[in-house]
Amino acid sequence: MTPAALLLAAALLFPLLLAIGCLSARFRARALSVLVAAPLPALAAAILVPEGRFAFFPQPFRLTLVLDQPGAILLGGAALLWSAAGAFAASSMTRDPAAPRFAVWWLLTLAGCLGLFLVGDVVNFYLLFTLASLAAYGLIIHEQSAAAHRAGVIYVVLALLAEAFLLIALVMLAATHPDANPPIRSVVADLPASPMRDGTVALLILGFALKMGLVPLHVWLPLAHPAAPTPASAVLSGVVVKAGVIGLIRFLPFEAGMPAWGAALIGLGIVTSCYGVVVGITQRRAKTVLAYSTVSQMGLLAVLLGVGLETADPDATNLAAYYAVHHTLVKGALFLGIGILAATGGRRLGLVLLLMAVLALSLGGLPLTSGALAKLATKPMLGYGWLAGAMTLAAAGSTALMVHFLLIVRRDAAGNPAMSPPIGQFAPWLVVLAASLVIPWSLYPAVSGETVASLLQPEALWKVTWPMLLGAVVMLFVDRLPRRLGLIPEGDIVVLAQAGAPLVRGLSNRIGEVDVNLRRWPVAGLGLIALAILLGGALMFRA
Amino acid sequence: MTLLLDLALVAWLLALAVHVVVQRGERSAIIAFLAFGLLLGLAWVRLAAPDVALTEIAIGGGGTGILLLRAEAVLRGRGKEEEPMTRAGKLAVAVGCAAISAGLGLAVLSFASPAPTLAPAAAEALGATGLGNPVTAVLLAYRALDTLLEKIVVLLALIGVWSLAPDGVWDGAPEVKPAIVPGPLTYLARILPPFGIVIGVYMFWVGADAPGGTFQAGTVLAAMWLLVMMAGLKPPPDTSRPLLVLALTGGPALFLAIAFLGSIFAEGFLAYPEGLAKPLIVAIEAALTLSVAAALAMLVAGPARKAPAR
Amino acid sequence: MTPFAHATTPGGFLLVLAVILPVCAVLAIFACGPRSAARIAMTTLAAGLAIAIAIAVELIASGAALSYVVGAWRPPLGIALRADGLSGAMLVMTALVVVTVGLFARVQYGLHDGAGGGRAQTTFWLMLLALWSALNAVFVGEDLFNLYVALELLTFAAVPLVCLDGRAETVKAALRYLLFALVGSLLYLLGTGLIYGQYGTLDLLTLSRLSRQEPALSAALALMIVGLLAKAALFPLHLWLPPAHAGAPAPASAVLSALVVKAPVFLILRLVLDVAPPQAAAIAGQLLAVLGAASILFCSVMALRQARLKLMIAYSTVAQIGYLFIVFPLAAGSAELPPWGTIAWTGGALQLVSHALAKAAMFLAAGVIAEAFGHDRIADLGGFGRALPLSAAAFGLAGLSLMGIPPSGGFVAKCLLLTAAVIEGYPWLAATILAGGLLAGGYVFRVIDTALAIPAVPVAPRRPVPRRLELAALALAVAAVLLGLVPLRPFGLLQIGRDGLAMAGLP
Amino acid sequence: MTASLSPGALFGLCGAALVGIGLYAIVTHPGLLRRIVGCNILGAGIFLVFGAVARRGGGAGFEADPVPQALVITGIVVAFSASALAVALLKRLSELNVGERNGTAAPTEQRGRL
Amino acid sequence: MSAVLGIVTIVLVTAGAVLFLAGTLGLLRFPDTLSRLHAISKADNLGLGLIVLGLLPQAASVTGGLKLICVWLLAQLSAATASQLLGRAVYRGRREP
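Residue numbers (our numbering), protein chains in the order written: chain A, 27 to 569; chain B, 1014 to 1323; chain C, 2 to 508; chain D, 6 to 119; chain E, -11 to 85.
Think of the hints as simulated: they come from the structure by calculation, not from any bench.
There may be inaccurate statements among the hints.
[Stated by the list, open to error] Among the chain C residues that face chain B by a calculated CB cut under 7 angstroms, a handful are:
id, residue
1, L28
2, G72
3, A73
4, A131
5, G198
6, Y200
7, G201
8, P216
9, A217
10, A220
[Said to hold, decoys possible] Simulated restraints, written as ranges between beta carbons of each label pair:
id, chain 1, residue 1, chain 2, residue 2, range
11, E, L74, B, E1096, 32 to 38 angstroms
12, E, A70, B, A1141, 43 to 49 angstroms
13, B, S1253, C, P390, 39 to 45 angstroms
[To be verified] No farther apart than 30 angstroms at their CA atoms in a straight line, the calculated lysine-lysine pairs in the DSS-like style are these:
id, chain 1, residue 1, chain 2, residue 2
14, D, K96, B, K1190
15, B, K1103, D, K96
16, B, K1247, D, K96
17, B, K1291, E, K30
18, D, K96, B, K1291
Built from N, CA and C at the ideal position, the CB exists for glycine as well.
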């Protein structure tokens, strides 16, 4: 077994081993402090292992690990955020008596999330997907408030739904494959020729869209992110949603292309990105606004992948991963920043607010930030038609949303007494912040095929600046309008769904009544007789 | 002529069965069921199955009858009727039952011809067992495993019945004596048992070669014991009494022991060594008869109601 | 090809032991009195487990079915016992569950009265052993009437377990169970009579060769299958199961739900696959699948509605049994692929085993909860995970298997069934499996959420519960999960004794 | 007609009818005791079917096939045991119900161990 | 000789059967339990006696004949007891309705 393979395996297994270690009460008590180290093997793997490297573990593990370019990009960014957020959590939750439990959920989610970027076979992909999905529940309900439990319940229902869609999709993918656990690559290669192609793709998109939070399956995000503790929100919004992205990257046939489904994905993405902005602007809590921003950004990612699928362009996966890693780092830093802001007052507040503004506007495409890089890198693929226009508008929308966010955090932090955040929280935040600024620069040439110098051209700068200005102006204008904040409740349409609850309850009550009747002796007896006649008749006369 | 008799018997059986079902009074229905059991015995005679006829009359009619009558006496007045059915529902059930009967009748009439039978095989193998009654041979040789398990079934039913006793008196004695014992009953209980025991032993003894056998004999013995207990001549024993336990487990235990010996000294589990088959079978039957008698009597007697005498 | 006549194979005597040894123990307890009940039972549990494992080892080593001709009287006159791969799996599963439940009960009874000898306790040991014997007899039985006796033995052992605590409602549940099961077994017996009348034999192996499409066989199959359905409590014949399984004491519920309902299902499987001619099997399979699907959906919703934990688990049993019935059309097989070569067959068998383990774990966990808190109302158990972490974990892990979440035996089973549904073109069955998984997720999650909640007034155990008690449930739950990690081994095992289909080529 | 109505067939048909009657009683009768009686009628019908089968299978010097007859004997004993258990349960149930209705715990009230 | 015995058998058995018939008629027609009891015990005991008497000449062996007599005696015994018990039940039922 090569060192590279060992490293890949360690990236997956190390967090799991730590989680298993938590079975020991003594280790568990100190588990919070290992969170920072858990993702380090993954980080090392992302940096050190050459791309395109496979590691295959023979029976009985039946595990295939693959590190390709999109996987490496996502893995690196995610591992960094996990590590930093872990350090943040270790500092912010020292007094929490339930912290050991939190650490266990954390390690499990982490193992699942990071493993997803690595794993190359169908069964283990599903396994890790499930692990990441379900363990995140523990992070969401950690605060044990009523809101957290409600968010947790809705999250689990949707996660299970996603699991179901995904399971059937994977089964349809692998059903005709001779190997019980085929590599993802080969089933995806077979997909275009499969008779169940369209159904499979539809289910895959449904399943992963739920995880990504595409409209109308986004409802769990704005509920779960504010409810979770700050470091957990950071990874939920930064990494866990990327499970859907990596899923689409891995399972859609970008080589062969599927124009119709590409178009559908594009449509879904555009709707989502607009919807996220519009609803986000009506929100009044910072974390909720960030959650809607994530929804909107995931819409943009969907558009990218949709274009790739439509035009049969495998490069789209690299670009999408690039965009995603930008979002991972920036969104993670923003969430952590909310925690920092809450602990900051007086002199330092201005500096922190400034950094937050840079981060926030980066999402809109502030020149020289990762946002601008991501937008520029993806521009050529989108072309110059209506799609590019729509994306520009979306960037404007993002900026508007972020301005709204900044206004909120400034207001929230205004009254803070003079204090400075603990270094254990401040340092990780700075690391993520710095990474969000640096990493995209270093990756840019590899991903876009252009030089870094091209980024500094005035026209390039202008290309990203004007939508921002547009957005900012619009937002400043909108902010003047008499607007009822909180008009749309968090989780928007889930409230509509809850209006249907009496209907569901009524149906359930009906079923209860039917059951009572069926369980009456004469009715069951009649059922027995009827079944015997039915079966006997069928056997006698039909066969 | 015989066909006419058979037809009359069948008609009577059906009429009684319907009577049992539609009769309002619980006791009348049970008495009709008793009569039904006796007639059924006749039907078995007509079907050339004297062994079954004896069993049916003894256990199916007699044993079940006394069980039901005793239950009826206890439940009278307090049995709460539950889950009645509408007329339409009853009609639907009636139609369904008729359909099942019709289908069954069709199946019975469509049996393969010539009838498949194991009679020749059973007759051929009879020599190896030394028995004269093929039914006994089936029960204790060819299909002895069924019989063994069925003994356990009876024992389990008994344990189940006993488990319904209240906790404190669990290993005590059941109560079968009525509050006032009528004189004639006592008289009968003094006179009849000697005859009954003779008859029972006789039934068991001939069972190897002629109609009769463990169940029939066991039932007769059980009836005698019950009679004695009901008349109050001898109280029912504590359920934990060693002698009773010995009687109950003795039969199955001997059966098992011989079965295991068969796997050492003969061709396998439940096989009998050449030449010893008949004596072994008779020994098993003897022990089983006692076990069956004890089990049936205690099944009718019901769970313990008195604290054990310590 | 397997010869169509029984002949005692080496190791066949193990089958006799599997059936008879618990019976010997029953007699021994009966004879020696209540005080020695637990001791004798424990010894027998160990020996029985060893026998089951020996049978499995012998099966795998020889690669052929084990047979034993009882008393050297060959069928059709005599009775044969036979264990193929599936039977072997059932025997081992039964032994595992029974032994674990036995250990649990030993600890639990030890909590209340060290000396032992009470009514409930003695009855429990006697019935547990008798039940084991009956189950083994069902799994290795080869003669229809012998199977009838085994089924009755099973019922008679199960009914007293239901009303062990002697409350009016449990006695009522037991009576209802007994009567309905009795009707079921009588219908089965009737079918047996018809088959004898038509073919002159009751031996399954012989019948598989003789059976043709004939009115008598059709009627017999219909009656037997429906009778067994009544005993298996498939929707809409589930009237007796929820009160009976919820009312029984925890160890009893565990064996009832995990094992007892499996016996009739196993027999239906044998009837449909071995006795029914192909066309009849197809028709019966369709009907059974419809009922199974209805069972999954309907009873999962009912499980969601229950306020009491044990009732919820009981309804879940009815729902999970449904999965075993949707196997029939999926495992129909074809000319070149016999039913037992299909993945649906493997999936069904795996579901059977993993449900047994998971359900027993759940009931034991529920038993620990009831022991600790004195009730099992889900709403009033908020935060029980803090007091009983191991039980909560056991419940959660077992729940994973029920929901079909990887890695667990339930997941592999449902995955195989789904694959079969997709390949065979049964989208409605695939949808049912998924919906059932979702609903199962709902009801399992409801309990997990309760366990993890931190209510204003935390629940406090009424009395401390020793760890040993919790470990039994956890062990079973872990076994259910681990089953998912060795999914392909049973695949090979299940082929043994099934027409000697080549085992090569399987992963 | 006469040929097809050999004693075997005749009692077989009678058994079939009894099965229907027994089932009807079990399903429709509100009283539990009568349901138990119904089970016994159902059982009697089934045994008659066995008897009919046995009667048809006479040969080799026997008037009837002994195997089904032996099965019936086993069946009758099992059915009796079932009736005994059912009756015991029914009596116990009614006893407990009476205890409840009287407002006091039945004298035989017991507490479950498990 | 055998012809005479045959005739004796026919006459006695027929008489017994007639008595049975009468008893059954009484059972069906009489208004209350006690009179039904009267009819059935009187007629049936006598009827059975006549039938057994009539069958005795046909018995193949002495043991066969003894068996027949035993049957009759046992039936007498049980019928007498049953009648007593029934009568008591009716009597007590009347006293405490």
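Status of the hints after comparison with the structure:
A least Cβ separation of about 5 angstroms between L28(C) and chain B falls short of the 7 angstroms threshold, and the interface hint therefore holds. At a threshold of 7 angstroms, the smallest CB-CB gap from G72(C) to chain B is about 4 angstroms, leaving the interface hint in force. Hint status for A73(C) relative to chain B: holds, with the closest Cβ pair at about 4 angstroms, below 7 angstroms. Checking A131(C) against chain B: minimum C-beta separation of about 5 angstroms stays under 7 angstroms; hint holds.
Here the hint on G198(C) is kept, as its CB sits about 5 angstroms from the closest CB of chain B, short of 7 angstroms. Interface hint status for Y200(C): upheld, as the beta-carbon distance to the closest one in chain B is roughly 6 angstroms, under 7 angstroms. Because the beta carbon of G201(C) sits about 3 angstroms from the nearest beta carbon in chain B, less than 7 angstroms, this interface hint is met. With a cut of 7 angstroms, the hint placing P216(C) at the interface with chain B holds, because the nearest CB-to-CB distance is about 4 angstroms.
With 7 angstroms as the threshold, the beta carbon of A217(C) comes within range of chain B, its nearest partner Cβ sitting at about 4 angstroms, so the hint holds. Checking A220(C) against chain B: minimum C-beta separation of about 4 angstroms stays under 7 angstroms; hint holds. At about 34 angstroms, the CB distance of L74(E) to E1096(B) agrees with the hint of 32 to 38 angstroms. Taking 43 to 49 angstroms as the suggested C-beta distance range, the pair A70(E) and A1141(B) conforms, at roughly 46 angstroms.
For S1253(B) paired with P390(C), a C-beta distance near 43 angstroms keeps the hint of 39 to 45 angstroms intact. Among the hinted pairs, K96(D) with K1190(B) is consistent with the structure: their alpha-carbon atoms are about 16 angstroms apart, no more than 30 angstroms. Taking the CA atoms of K1103(B) and K96(D), the gap is about 27 angstroms. The hint holds against a cut of 30 angstroms. Restraint check for K1247(B) and K96(D): satisfied, since their Cα atoms lie roughly 24 angstroms apart, inside the 30 angstroms limit.
The straight-line distance between the Cα atoms of K1291(B) and K30(E) is roughly 47 angstroms, outside the 30 angstroms bound, and the hint therefore fails. For the hint pairing K96(D) with K1291(B), the CA-to-CA distance comes to about 43 angstroms; that exceeds 30 angstroms, so the pair is violated.
Checked against the numbered hints above, the structure violates hints 17 and 18; every other hint is satisfied.
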